[in-house]
Every structure is written in structure tokens, then in C-alpha cells.
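Work the whole structure out from these sequences, hints included.
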Amino acid sequence: MKVYLEFKDGASDKFWAIEVSGCAHTVRFGRSGTEGQEKVKEFASEGEAKRDAEKLVAAKRRKGYVDAAPPAGPPPPTSEMLDCEPLPGGRAALFVEVKLKPLNDFRAKFWKRQMDALLRDTMYDGSYRLESTQRLDDLSAEFEVIAAWTVPGMPHEVERDAQGLISAIRYRINGMEVLSLQRDASEAGWLLGSIRPFFLHERERGFLFGRKRDVIEGTRRLLSRYAAYLAEQVEVLEGAELEHSKGEKIRAVAEGNIAILAQDLMHGAGYTYALEEKEKSVRLYIRLHAGSDARCLELSLPHRTFPKRIADVMPTVAAVERLLAEVGVPFLLGNADGAPEWGSVELTGDNEYFLQSKTADPRRVKLVRMGQEALRLAFPSLLEGSGYGEYSLELRSGFHLYRDASTDESCMYPAILHVKMPQRKVLHLLFDYETFTDYLPAIVPTIRLVEATMASAPLAFKYHSTRYYQYESLAWHEPGH
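Using the numbering used here, the letters of the sequence shown correspond one by one to residues 5 to 485.
Worth flagging that the hints you see were computed from the coordinates, not collected in a lab. A few of these clues could be false.
Stated by the list, open to error - Distance condition first, Cα-Cα at most 30 Å in a straight line; then the derived BS3-like pairs of lysine-lysine: (1) Lys-116 <-> Lys-103; (2) Lys-370 <-> Lys-113; (3) Lys-116 <-> Lys-64; (4) Lys-250 <-> Lys-105; (5) Lys-64 <-> Lys-105; (6) Lys-370 <-> Lys-312; (7) Lys-282 <-> Lys-113; (8) Lys-312 <-> Lys-105; (9) Lys-43 <-> Lys-64; (10) Lys-18 <-> Lys-6; (11) Lys-116 <-> Lys-67; (12) Lys-54 <-> Lys-43; (13) Lys-105 <-> Lys-67; (14) Lys-18 <-> Lys-67; (15) Lys-6 <-> Lys-43; (16) Lys-64 <-> Lys-113; (17) Lys-6 <-> Lys-59; (18) Lys-59 <-> Lys-103; (19) Lys-113 <-> Lys-67; (20) Lys-45 <-> Lys-59; (21) Lys-282 <-> Lys-424; (22) Lys-250 <-> Lys-103; (23) Lys-6 <-> Lys-64; (24) Lys-54 <-> Lys-113; (25) Lys-64 <-> Lys-45; (26) Lys-253 <-> Lys-103; (27) Lys-43 <-> Lys-18; (28) Lys-284 <-> Lys-466; (29) Lys-116 <-> Lys-250.
Structure, rendered in C-alpha cells:
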């Protein structure tokens, strides 16, 4: 059973088609002249699938759809030899399941990183985001084109479903399946494309194709480079795994000494501190004697060089404490996380609610309005010609009224100026609407002081609020304990 219907009414021109095959039917629908979208539904028997299809057809005809001749399908794709060389015999011999298929945690992560990099350079055209923007579409036409290609040294086989559409294209090197391109059925019944390299487990989600308009050329680039790229990674895999193993041993040895070295250093100097272990480094957080007691210095020290670099900790602490004694504006120094786009002014979601609130203190509302407007006008002229042209402004409303230990310190300040700094860091200058005019002349000198300290300090550093939940949960060690 196969039915093709059309509906035309003014600007509306769409089609709806259904085909029963065995115990399933496939519905395709969309704008006329397009491939449309496809959905497959399975039943217990062929008769049940046919009865359900007849009900759907009757419902569509009642809505004004009429029978029509389906459009002619596209001509069969022409065969094509991709522009790449087959692997030499020695490199092709690297691809054997006994060598590549046993995947420990390191190898799984290794191959995932390499595939990410290859997809960015081919399927995603340099984008750092490996996210598909394709429509819910079955990609059947694209798969027909791809299946007609010949990849030197990487023969493939094609699998088709009950409707005769391609469900998978499987590629092999030296007899081992190294890649498959599949049209996967989602839980909702949609058919979506996925890229499945050899290292994925059966239940792991495959990599997504990129934008639909780029699928053909993106896949061409991917297949042309895939075998050579994999061979390069296979050749360095064992060395990378050996280095990783050495690093793990160094980390195990270092972890036994780091706590003792840090305790001796910090308690000897009278500082409260905390340690946080990471895969390749340890983060040392220090509550400084200078500045706010609600802030802390963060230093990241690799396990491998910790015994050597710990000698640089106290000189860095001294440099930051001198900075805190000289700066004129409260600040934090960290990453760009949460900072608005450079050049923008961001008003937080509750800002308008606060300004329109009938229960808020009118004097406070007026203060916030005037402060926000003044700051929006002041910063461009203050920073013009300073050399700090990449910045953004974040304006909040009433958060600063609720000052307690569980609140992130930056929330105590309703206005934050984010300035891009060296070392991929961002300086967050903090203001309130009552006293900000006192700090305006000190903005540029403060930025320059921070930048100079970053350049001269022996260790790279960040300066955080300990009121932020991430740092509240740390195990702080006080002197004498």
C-alpha cells in the first residue's frame, strides 16, 4: 500500500505520503518540492499496519488533501573516486581488532579527543561546537550520494531497510570495521544520521552530522582524511599511553608529599589554605592577610613540578598582597565564565521587575536607575584610549540588599565591569550604586596594576570570592590545626 496526497490552499502547498511495508508504515510529509520529514511506526502484524495507514489516509482526505502523482525521484547518483591515497600496507596492518578494540579509560578518551578534532576540521568546518543544526530529516538522499563514492583503501558495504533506503554504510580497513554512517531511529520514531567510529560502544550515542546543507561536502572531507588520520593516531597511541602511565605514577608519588609540603609552607607563614586535587595538578587556595577576608588566591601547580614550584608560592602571595594594598577598586580575577559578550551591556532578568515593583523602596529604585544610567555612560569614555578595549558591563538590581555568607560576593555588587586580560583571564571590577563615583578615577590604574602584577608574579594566579558555593565546600586548614 502506497498513497501520496497533496494540499494546496493559497500560500499553503504541502504533501503527505504513506507506505506500508511488512509490519510497519512510513509517513513522509512537508512542503511540496522538499524531501520533507519521515517517521516510521511498527505494528504487531501487517494487517494492523495497513488498517492504521488507512485511518490516517482517511483523516487527511477529510482535511482537504487530494490524491496526486508523487514527484519523480532524483536521478541515481554518479559514482566517484575520492581524492585520497590508500594506506601503505605497513600502516594498513595497524588496523586489527586485537590491537585497537580493547579500550581502557585512557584509550576511550584519547580516541574521543582525536575524533572531535577531525570533525571540527571536516564536518564542522572549524567550529568549536560539535553540535548538529540539522532538521529532523532522514538524510536518505544524502546517503545515496555518499554510498556511490569509492574511498581508496577503505572499501564499504551498504545496508538497506525494508523500504529500500540506506540504513548504514560500513567502512573497513584490513578487514576491520573502522567507521559506519547510520540513519538511526530515535525514540520518537525520527530517522537521524550519526557517525560511528570503531571505538564507540554499541549503546553510545554516535557523533552528529553538521548542518544539513553541509552534509555532502563535510562527509567527503571526513572520508578523504579518515584513514590517514587514524593511522597517524594509532602510531602515537602507545607512546601517549606510556606517558599517561608515567604521569599517573608521578601523581601518586606527588600526592603523598603535596599535603605535607603545603601544610609546612602555609602554617609556617600563618595562612589558612585549602587543597583541591585535579587530574594533572593541585589547586592551592589561600586566604590572604591583605584585602577582603571573603576572597582567596588560587594557584594551580602541576604534580610533576610541584616540589619545585612551591618555592614560588610565597613570592606570588607577596606580589598579590602588595597589589591589594595599592588598588582602588574591589575586584575578582578569573575566567570569562558568565561574563557578557564583549562590548555589550547586560541587564539581569529580574532588573525590570525590581524597577517596576510597587513594593520596592522608591528611593532605592531611583538610586538603581540613576546608577545604571550613569555607569553605562561613564565606562566607554573612561576606557577609551586605555588599551583595554574588550570589556562588558553587567548591571543588576537589588541583589546587593541581601548580604549574607551564602551569597556569592559579586552579588553584593550590583554592577560588574568585566575586562579582558592577558593569560586568558578576565578582571571583574565590582561597584555599587551608592559609592561608584568614588572609584571611577581608579578604574584604569587598577586594571594596569593587576596586569603588571600578573606579568611579574612567579606563578599565574586567580582571585576569587570564598562566598561562592564552589569554595565554601572546600576543606580549609587554619594555622595551628
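>> Tell me the hint numbers this structure goes against, listed in increasing order.
In response: 2, 3, 5, 6, 8, 11, 13, 16, 18, 19, 24
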